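From first to last, the protein sequence lines are chains A and B. At position 83 of the first sequence (counting the first as 1) the number is 83 in full-length UniProt numbering, and the numbers step up by one without a gap. At position 4 of the second sequence (counting the first as 1) the number is 4 in full-length UniProt numbering, and the numbers step up by one without a gap.
These are computed hints drawn from the structure, not numbers from a lab. One thing to keep in mind: the hints can contain errors.
To be verified - Here are the in silico distance ranges between beta carbons for each label pair:
hint : chain 1 : residue 1 : chain 2 : residue 2 : range
1    : B       : 209       : A       : 257       : 21 to 31 Å
2    : A       : 248       : B       : 226       : 49 to 59 Å
3    : B       : 19        : A       : 249       : 23 to 33 Å
4    : A       : 248       : B       : 71        : 16 to 26 Å
5    : A       : 285       : B       : 161       : 32 to 42 Å
6    : B       : 226       : A       : 6         : 53 to 63 Å
7    : A       : 6         : B       : 68        : 12 to 22 Å
8    : A       : 388       : B       : 209       : 49 to 59 Å
9    : B       : 19        : A       : 391       : 50 to 60 Å
10   : B       : 209       : A       : 249       : 31 to 41 Å
11   : A       : 359       : B       : 161       : 14 to 24 Å
12   : A       : 248       : B       : 232       : 49 to 59 Å
13   : A       : 23        : B       : 63        : 49 to 59 Å
To be verified - Cut-off 27 Å, straight-line C-alpha distance, at most; resulting in silico cross-link-like pairs (DSS-like, lysine-lysine):
hint : chain 1 : residue 1 : chain 2 : residue 2
14   : A       : 84        : A       : 442
15   : A       : 375       : A       : 509
16   : A       : 256       : B       : 69
17   : A       : 442       : A       : 364
18   : B       : 3         : A       : 256
19   : B       : 3         : B       : 74
20   : B       : 26        : B       : 74
21   : B       : 74        : A       : 256
Quick caveat, the model's predicted, so the values are computed rather than measured. Where a beta carbon is used, it is the ideal one built from N, C-alpha and C, also for glycine.
Here is how the chains run, residue by residue.
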Amino acid sequence: MIRFILGVEMRSMINYMKTLSDAKKVVYGLLAAVIALFILPSVVSVLSLKILGAGEEGLGGFMLLLSLAAVLLLTLLAVNSIIKEMFMDRNIQLYLTFPVSPAALFAAKFIRQWLINTALIMGALGIITGVLFSMREGQWLLTVTHIFYFLLLSIVAMSLAYGLVFAVTKVLPANKVSEVLSFLGGISFVLVYGVLLVGGSSVQDISGSLPDASFLYSGFLYNFNPAGGLAGIVVSAALAAVLVILLRSFVVHAFKSGWVGEQSVKRRNRDASADAASPVRTLVQKDMRMTLRDFKEWAVLLPQYLLPGVMIFIMYTNPAAIEGGGSMHDERMIAVSVAGTIVISLFAGAYNTARDAAHFEFLKIMPVKPADLVKAKYLFNIMTITPVYLLAAVVAWMLLPVSTAAFLYSSLFIILVSLAVIPAGMFAGSMQPVVSRKNPAKRLDTATNVILSVIMGVLLIAAGFISVSFARGDGGLDHSLIAIVLSVLAVSAGASMLFLRAVRKRYEKGFNIIYKD
Amino acid sequence: MIKAEGLTKIFGSATAVDSLDFEVPKGELFAFLGPNGSGKSTTIRMLMGLLEPTGGSVEILGEEMRLDKTELKKRISFVPDTPDIIGKLSGREYLNFVAGVYGMQQEEYERELEYFLDFFDLEGRLDTLVENYSHGMRQKLVIIGALMHHPDIVFLDEPTVGLDPKSNRNLKNYLRAYTAAGHTVFLTTHTLSLAEEIADRILIIYQGVARNSGTLDELRAVAGKPDASLEDVFLELTEGG
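Kindly generate the complete structure, drawing on both the sequences and the hints.
Right, here's the structure in full:
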């Protein structure tokens, strides 16, 4: 029976590949090229430096740190995929109506998810570290022990992800579970930021503060000896088998107890009152409620919201990351305000506008003018971006050595940049929005996504240059240049109404919506 | 064939289904009716083994129903209220999978496929991805998957939603002939005219509790409306007219 299920899953995946649009094929190709040309070489070189250059006393801590980070990251990434298959596709319920045993279904699903989500990455990591340790010690059997070890970690990551998903289903209503877990999966980027923040130089400190793990790894992953290697392989295989068996019994029990529907009692809302408000206010309230009630909405934009915090951290803790170095705190604060506000205004403007595609026909049949729809969306974006960033600026001003003038300039920049750029984001979001039942967070077409991501990347790099250009020769703020830029932004904020007009026309004519699944 | 005894499901503090008792014999078309939120889907999920009852028991074909009883599950099938299809498959790939898991012989499968494709006017459309099908076409595909292996019992949850008139009539006729041949059909629907036309017996559930059961004439007698339609009888028994 497992064969049938795996066959269907494989067929489904092949059909998915076959029906990919050309744009998506190009994006995936680019992604593969980036991984092959940049990410993989970077990982290999960082690991080479750490493994080939470290003294033996630091190896245990380093391996422990690497293991924890890899497991944590892959666990969070796997959560999304498990949620999608277990909750959103309704696949499980359908499979279970067929003569398929819960155990067979678990086995087939687990094999597929394990191979795609964790085994592939952990296997590659095992090969890389194995080869490096083999080179270090001239003992090629270390490659085998490392592969075994990292495959065990891939099972651990899957077990934790399953455990997380199923534990949350026990305490939350089913319809909320996918939101919360998608949110958790979505914020796994925090770990990526974490790696950026910590920086290579801190790895030594962290691994040094971890408990001594040499008793786990010595003889097995380094300082190889046949007894240690064999014992490690046997223990890894046994642990992996035990984890899979435990997981199987846990998941099968959950299938049998009908876990998906178990918590699906709806609370009755007896509040039937409606505010006699203006259409714009009602529409803003609608957007606000949709955002606050759904964790997925938070997950979609959280990386962009938190980006300035990361930029500030990098700039203020790593002077080498910024051209010019020195103590340009004021200029950096302004640069982060400008770059961060552009990024969030573009992304939030686009995502929030594209969200209307899912209920576009409903909006069109309502007695609301397209101009009001656009006005409400613009207001909603301003309300959810500008105050948040102003508050962040206050916090940064209180915590960092930034002058009041720089804080005030930053606040002005946040206001003007958001006013000027949000319409551009709305324009991008209304261009070709996507409606996906299985993945509601996917709202922008591939081309728009790529363009916005490229802009974000450029701004991340440009933030350093922005701060340099706002500095005078003596290190102070260049007030006249700042005043000029602020004036240009004020004019741009006015001119961006042209974007809003274009968005209104799209609301009038109808969005060009791409429907997925 | 189907036996529920004291079947109860409690979610938190809410009782979705309360001590339901009924029995459906072989060869009967049994209509299970109730307003929205009355517990029909919860009951059908418990009968299929998809949801564990809080209390009571379910017996299908003389055996206690459990999800891991694959041999028992080979003798029943289910048409859910929304025609979702597993994965990104074409119609043919989906039916191939169904035929495979139910252990159909190739010859039998080909014969049944030919019959049902003609029956539901689906010839020439089977190699398109299901995601490009209309709701009605998906519904037809799911119904074909549920019927082509001739299960002893078929559970149908709102099977006619989205079907065109011809397919609707064909399905009605098929179900009549199916039960006449000794198979059992458990049907939930809000299309009361359908139940009135083809059901042998009817059970009305309201707020999780079985209200009345019997033939249409027996229900008419209980409602005190000897010549009324099932719709009138249903409203009388659930809402008091």
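Hint by hint, here is what the structure shows:
no., hint, in the structure
1, 209/B x 257/A: 21 to 31 Å, "holds (24 Å)"
2, 248/A x 226/B: 49 to 59 Å, "holds (58 Å)"
3, 19/B x 249/A: 23 to 33 Å, "holds (31 Å)"
4, 248/A x 71/B: 16 to 26 Å, "holds (21 Å)"
5, 285/A x 161/B: 32 to 42 Å, "holds (34 Å)"
6, 226/B x 6/A: 53 to 63 Å, "holds (58 Å)"
7, 6/A x 68/B: 12 to 22 Å, "holds (19 Å)"
8, 388/A x 209/B: 49 to 59 Å, "holds (50 Å)"
9, 19/B x 391/A: 50 to 60 Å, "holds (56 Å)"
10, 209/B x 249/A: 31 to 41 Å, "holds (36 Å)"
11, 359/A x 161/B: 14 to 24 Å, "holds (22 Å)"
12, 248/A x 232/B: 49 to 59 Å, "holds (52 Å)"
13, 23/A x 63/B: 49 to 59 Å, "holds (53 Å)"
14, 84/A x 442/A, "holds (13 Å)"
15, 375/A x 509/A, "holds (17 Å)"
16, 256/A x 69/B, "holds (11 Å)"
17, 442/A x 364/A, "holds (22 Å)"
18, 3/B x 256/A, "holds (19 Å)"
19, 3/B x 74/B, "holds (18 Å)"
20, 26/B x 74/B, "holds (17 Å)"
21, 74/B x 256/A, "holds (18 Å)"
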